[in-house]
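*Asks:* In the order they appear, the protein sequences are chains A and R. Take the first sequence: its letter number 300 is residue 300 in our numbering, and every next letter is one higher. Take the second sequence: its letter number 247 is residue 247 in our numbering, and every next letter is one higher.
Simulated from the structure, these hints should not be mistaken for lab results. This list has only true hints and no planted wrong ones.
Lysine-lysine pairs mimicking DSS-like chemistry, simulated, CA-CA at most 30 Å apart: (1) A:K143 / R:K134; (2) R:K145 / A:K143; (3) R:K64 / R:K278.
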Amino acid sequence: MEFELFNNLALGFGVAFTFQNLLYAFIGCLLGTLIGVLPGVGPVATIAMLLPATYALPPVAALIMLGGIYYGAQYGGSTTAILVNLPGESSSVVTVIDGYQMARKGRAGPALAAAGMGSFFAGCVGTLILAAFAAPLTEVAFKFGPAEYFSLMVLGLIGAVVLASGSLLKAVAMIILGLLLGLVGTDVNSGVARYSFDIPELTDGIGFIVIAMGVFGYGEIIANLSHPEDKREVFTSNITHIYPSKEDFKRMVPAVLRGTALGSMLGILPGGGALLSAFAAYSIEKKTKLKPGEVPFGQGNIRGVAAPEAANNAGAQTSFIPLLTLGIPPNPVMALMVGAMTIHNIQPGPQVMTSNPELFWGLIASMWIGNLMLIVLNLPLIGIWIKLLSVPYRWLFPAIVLFCAVGVYSTNNNTWDVWMVAMFGVIGYGFIKLGVEPAPLLLGLILGPMMEENLRRALLLSRGDWSVLVTRPLSAGLLAAALLLLIIVTLPSIKSKREEAFVED
Amino acid sequence: MKFKTLLGLLAVGLSLSVSAQTWPAKPVRLVVPFPAGGATDILSRALSQELAKKLGQSIVVDNKPGAGGTIGALAGAQAAPDGYTLLLTTSSTHSIGPAINPRMPYNAEADFTPIVYVASSPQVILVPMTSPAKNLREFIDYARKNPGRLNYASSGNGTISNLSTENFKAQSGTFLVHIPYRGTGLSIADLISGKVDVLFDSVVSGMPHVRDGKLRALAVTSPKRSALAPELPAVSELLPGFESVTWFGVYGPRGLPPEIVARVNQAVNAALAEPDLKERFARLGAETTGGTPQAFAAVVKAESVKWKKVITERKITAD
Numbered sequence: 001m002e003f004e005l006f007n008n009l010a011l012g013f014g015v016a017f018t019f020q021n022l023l024y025a026f027i028g029c030l031l032g033t034l035i036g037v038l039p040g041v042g043p044v045a046t047i048a049m050l051l052p053a054t055y056a057l058p059p060v061a062a063l064i065m066l067g068g069i070y071y072g073a074q075y076g077g078s079t080t081a082i083l084v085n086l087p088g089e090s091s092s093v094v095t096v097i098d099g100y101q102m103a104r105k106g107r108a109g110p111a112l113a114a115a116g117m118g119s120f121f122a123g124c125v126g127t128l129i130l131a132a133f134a135a136p137l138t139e140v141a142f143k144f145g146p147a148e149y150f151s152l153m154v155l156g157l158i159g160a161v162v163l164a165s166g167s168l169l170k171a172v173a174m175i176i177l178g179l180l181l182g183l184v185g186t187d188v189n190s191g192v193a194r195y196s197f198d199i200p201e202l203t204d205g206i207g208f209i210v211i212a213m214g215v216f217g218y219g220e221i222i223a224n225l226s227h228p229e230d231k232r233e234v235f236t237s238n239i240t241h242i243y244p245s246k247e248d249f250k251r252m253v254p255a256v257l258r259g260t261a262l263g264s265m266l267g268i269l270p271g272g273g274a275l276l277s278a279f280a281a282y283s284i285e286k287k288t289k290l291k292p293g294e295v296p297f298g299q300g301n302i303r304g305v306a307a308p309e310a311a312n313n314a315g316a317q318t319s320f321i322p323l324l325t326l327g328i329p330p331n332p333v334m335a336l337m338v339g340a341m342t343i344h345n346i347q348p349g350p351q352v353m354t355s356n357p358e359l360f361w362g363l364i365a366s367m368w369i370g371n372l373m374l375i376v377l378n379l380p381l382i383g384i385w386i387k388l389l390s391v392p393y394r395w396l397f398p399a400i401v402l403f404c405a406v407g408v409y410s411t412n413n414n415t416w417d418v419w420m421v422a423m424f425g426v427i428g429y430g431f432i433k434l435g436v437e438p439a440p441l442l443l444g445l446i447l448g449p450m451m452e453e454n455l456r457r458a459l460l461l462s463r464g465d466w467s468v469l470v471t472r473p474l475s476a477g478l479l480a481a482a483l484l485l486l487i488i489v490t491l492p493s494i495k496s497k498r499e500e501a502f503v504e505d
Numbered sequence: 001m002k003f004k005t006l007l008g009l010l011a012v013g014l015s016l017s018v019s020a021q022t023w024p025a026k027p028v029r030l031v032v033p034f035p036a037g038g039a040t041d042i043l044s045r046a047l048s049q050e051l052a053k054k055l056g057q058s059i060v061v062d063n064k065p066g067a068g069g070t071i072g073a074l075a076g077a078q079a080a081p082d083g084y085t086l087l088l089t090t091s092s093t094h095s096i097g098p099a100i101n102p103r104m105p106y107n108a109e110a111d112f113t114p115i116v117y118v119a120s121s122p123q124v125i126l127v128p129m130t131s132p133a134k135n136l137r138e139f140i141d142y143a144r145k146n147p148g149r150l151n152y153a154s155s156g157n158g159t160i161s162n163l164s165t166e167n168f169k170a171q172s173g174t175f176l177v178h179i180p181y182r183g184t185g186l187s188i189a190d191l192i193s194g195k196v197d198v199l200f201d202s203v204v205s206g207m208p209h210v211r212d213g214k215l216r217a218l219a220v221t222s223p224k225r226s227a228l229a230p231e232l233p234a235v236s237e238l239l240p241g242f243e244s245v246t247w248f249g250v251y252g253p254r255g256l257p258p259e260i261v262a263r264v265n266q267a268v269n270a271a272l273a274e275p276d277l278k279e280r281f282a283r284l285g286a287e288t289t290g291g292t293p294q295a296f297a298a299v300v301k302a303e304s305v306k307w308k309k310v311i312t313e314r315k316i317t318a319d
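Just need the whole structure built from these sequences, with the hints factored in.
*Replies:* In structure tokens form, the structure reads like this:
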């Protein structure tokens, strides 16, 4: 087993370590970072834009370049999440919470470094797990049926309550609002378009990107512009240091380890596992006790950046397992990668490993190289990204508005989405005025439809017998964990402590 | 608004008078109503590369996904009929959609000019390795002995995999319970582990699991045995007349000049004759077809009638 692993990795690195392929990895990372760092242009939009550029390359080079673009875009997305409060994809929503607060306090540098280093470490671990255990781990995914997915989502949703730093009532209200927004779109069971008002665009539901950009990005801009100019400056100009301090490292390391472990585990589950990992990692960090002198969560705690970024990246790596063994793309970015592979005559699925070993292991090796390239490229760039923050707001905000519009338009080539972002911008401003946190809303929006689908599927399979949810051991265990979490959240003593700790300034 | 329409008409009129002889004088936009990276997109890009060579002009693929293809198809219908905007679409926007949804924003017959039938893609009937059925005959017997106990997965209500299975149920006299999924990805995981009993899936997503020994394929839904999976019998060998394929075809907007229709038809047929393209289509689970515009219109017509019948008889609704 181990011997085989080293053989395989050697084969992969042999393929990836040619001058030409390293060059493609570098170009991919650079392009991905440059485009991904534009506010509002997330990984999906970046890859969709750059995909045609790889059509003409030989297959291995194309995949290596795409891998570079993917990591670059993802890191670029985290950069905008931290610097300008814009999550480029669902997994960076939690990075926004503490990352943006760190940036506001002049600690954008440590936040960016924590995200980069956390991702790199998690990426390395994830790659090793992928290389060593891809085949046996597939069996885990088979244990998960509709009932188990439903119970996992319930657990995730209750975990979402922990995400919010304000009042419990507001957090629950936002989750419910998210669930309601998630109802819009075509019901998969009956084919009925719900709340679509005969608008074809609404039959696909309201996109995550649209709501995230509107509520986080545009909402924040409107709120900023509502202040008089002299008060508008959001970022402190006295940046103490660019790289994390020794103290920061001490806090980051355990958080990165926890995030990596969690991400590697959840990433194996197709259909939402990798996505949940960032949220779950943040919830766990928030539940661990604060050390004396540590900044509370929601106000710029470095653990709140490092853990979810690590989890997200580890999850992204291990989510290749269901992709490569079952052909199930775990997220929209991976779905694009599948398309790219198909163009190059590689059919993702169980046969890639055996029929195309040099390509498979070349891809794995190039993922690791992409990760490395990224950290080499980006650590020196942090200084430049921070300089961007000193651009006067009257120049910065029109640029953000414009790039968001471009990014949203380019995913579907439809102006409808741009109008929706504008509308959710106004709603986001309302949220800021009301003092509610939008992160639980987004989790409700993502989990709601998946929960409904899996519940109905589980009940269809059991012919309407609700007891499947508790007679299947895995499902029962997840529900018990959810119940436990609920008790912890609602217990009066803990509740009062929670409010004391996370009261807003 | 009115002024804009007038200007638009004027522009169309002007371009029409010269376009028929000189077409294509500039790049042609090929609207694909499905997202980048999907099977239809990849097929379109393969075709457009060859087509560009035949026409001596580049083809720009424009993905306009949304609402099951309705949004992109509408964009194709509303384009100026000057030959610079064409639409590559499938059964779902022109045969199944109009049959199941009474409120389509376009008329699939009147608002388009059919140009050419590009390819067809059959499905395979898949069962888990643990299934007692080793072939289609055994599966039908097994299902008849257990009415209402077996589950079938589909990629959603009103999709071709749903309609195809319903048609199979009607013709084989079986009763399987419908378990809809969003796309076939997760349904394959549930099929492999035996949580559902059967799935009608495209050749391209289903066959790799069969070749890997994780699923068993019983039959293919093309009218005859398919070159894509020559080892499999056709369903029609047991249920005469059974056929279920997804078609891919090129349309122009209503009123496209016949000269342009003929040029595009000729060029696409020439492109489809290239062995390289045939092979690339086969990898996507599609067989090249081709033929005259009239033949294409007849295929679409027959398909629409067939699915309409299935939808009415099996009482499938999306409303």
